[in-house]
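Engineer: Sequence:
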Amino acid sequence: MALPSHTHFTLTFTVLLLASLTATSIPTTTDPSTDFIRSSCDATLYPSVCFKSLSRFAASIHQSPSLLARTAISVALSRAISVSSHLRSPALPPTSDPRSASALRDCRSVLGDAIDQIRRSEAELGKVGSLSSSLAPEAKPEEVAWEMSNVQTWMSAALTNEDTCVDGFGEAQGGAVKADVTARVF
Numbered sequence: 001m002a003l004p005s006h007t008h009f010t011l012t013f014t015v016l017l018l019a020s021l022t023a024t025s026i027p028t029t030t031d032p033s034t035d036f037i038r039s040s041c042d043a044t045l046y047p048s049v050c051f052k053s054l055s056r057f058a059a060s061i062h063q064s065p066s067l068l069a070r071t072a073i074s075v076a077l078s079r080a081i082s083v084s085s086h087l088r089s090p091a092l093p094p095t096s097d098p099r100s101a102s103a104l105r106d107c108r109s110v111l112g113d114a115i116d117q118i119r120r121s122e123a124e125l126g127k128v129g130s131l132s133s134s135l136a137p138e139a140k141p142e143e144v145a146w147e148m149s150n151v152q153t154w155m156s157a158a159l160t161n162e163d164t165c166v167d168g169f170g171e172a173q174g175g176a177v178k179a180d181v182t183a184r185v186f
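Per full-length UniProt numbering, residue 1 is the first one in the sequence shown, and the count goes up by one each step.
It is worth saying that the hints were derived from the structure and are not from the lab.
Computed from a prediction, not measured in an experiment: that's the story for all the values here.
Please note: incorrect hints may appear among the correct ones.
Said to hold, decoys possible - The following label-pair restraints were derived from C-beta to C-beta distances:
| no. | residue 1 | residue 2 | range |
| --- | --- | --- | --- |
| 1 | 48 | 108 | 29 to 39 Å |
| 2 | 102 | 43 | 33 to 43 Å |
| 3 | 85 | 129 | 23 to 33 Å |
| 4 | 176 | 113 | 16 to 26 Å |
| 5 | 59 | 142 | 28 to 38 Å |
| 6 | 171 | 140 | 42 to 52 Å |
Just so it is clear, CB atoms sit at the ideal spot from N, CA and C, and this is done for glycine as well.
Required output: the full structure, derived from the provided sequences and hints.
Structural biologist: Rendered as structure tokens:
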């Protein structure tokens, strides 16, 4: 089984991370920030890909679940935008298969939706930060839980759209476009 691309992984990781923002016990090795990311990634489906994608941000994440979630969402957004741009690029291999052409159009559309959903998730996470800051001592735990639920919902919707993009190529004839798109999304 091949590992998914960083885009698919990052969306998956973000959904899982947001579902359990309380990290598992942090093993003691050299750098506590790196260990925090490693232990958080150990709870995902693809721990090595997770760690590879996020460990370079250890110095800015420290041991903060909130910063880890923000970083994961930011990486997911960046990669989704990159894939979406590629799908609109003239460098994409041409296709004469009508199913591939249709799947590509659909993929462009649903990835655009995924980008919007990741941005909404990012905005909702910003609300969580505002609610839980010292400037908002009146924030209730249920308000924070509601905003976190919204973050998870938007990220889950983005992941569903990404899967829909790839699923659209299921019946398309094998070819360069299908291989290119599925390699970038998965």
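Engineer: Next, verify each hint and record whether it holds.
Structural biologist: Okay, the hints, checked on the actual structure:
no.: 1; hint: 48 to 108: 29 to 39 Å; verdict: holds (30 Å)
no.: 2; hint: 102 to 43: 33 to 43 Å; verdict: holds (38 Å)
no.: 3; hint: 85 to 129: 23 to 33 Å; verdict: holds (29 Å)
no.: 4; hint: 176 to 113: 16 to 26 Å; verdict: holds (25 Å)
no.: 5; hint: 59 to 142: 28 to 38 Å; verdict: holds (34 Å)
no.: 6; hint: 171 to 140: 42 to 52 Å; verdict: holds (49 Å)
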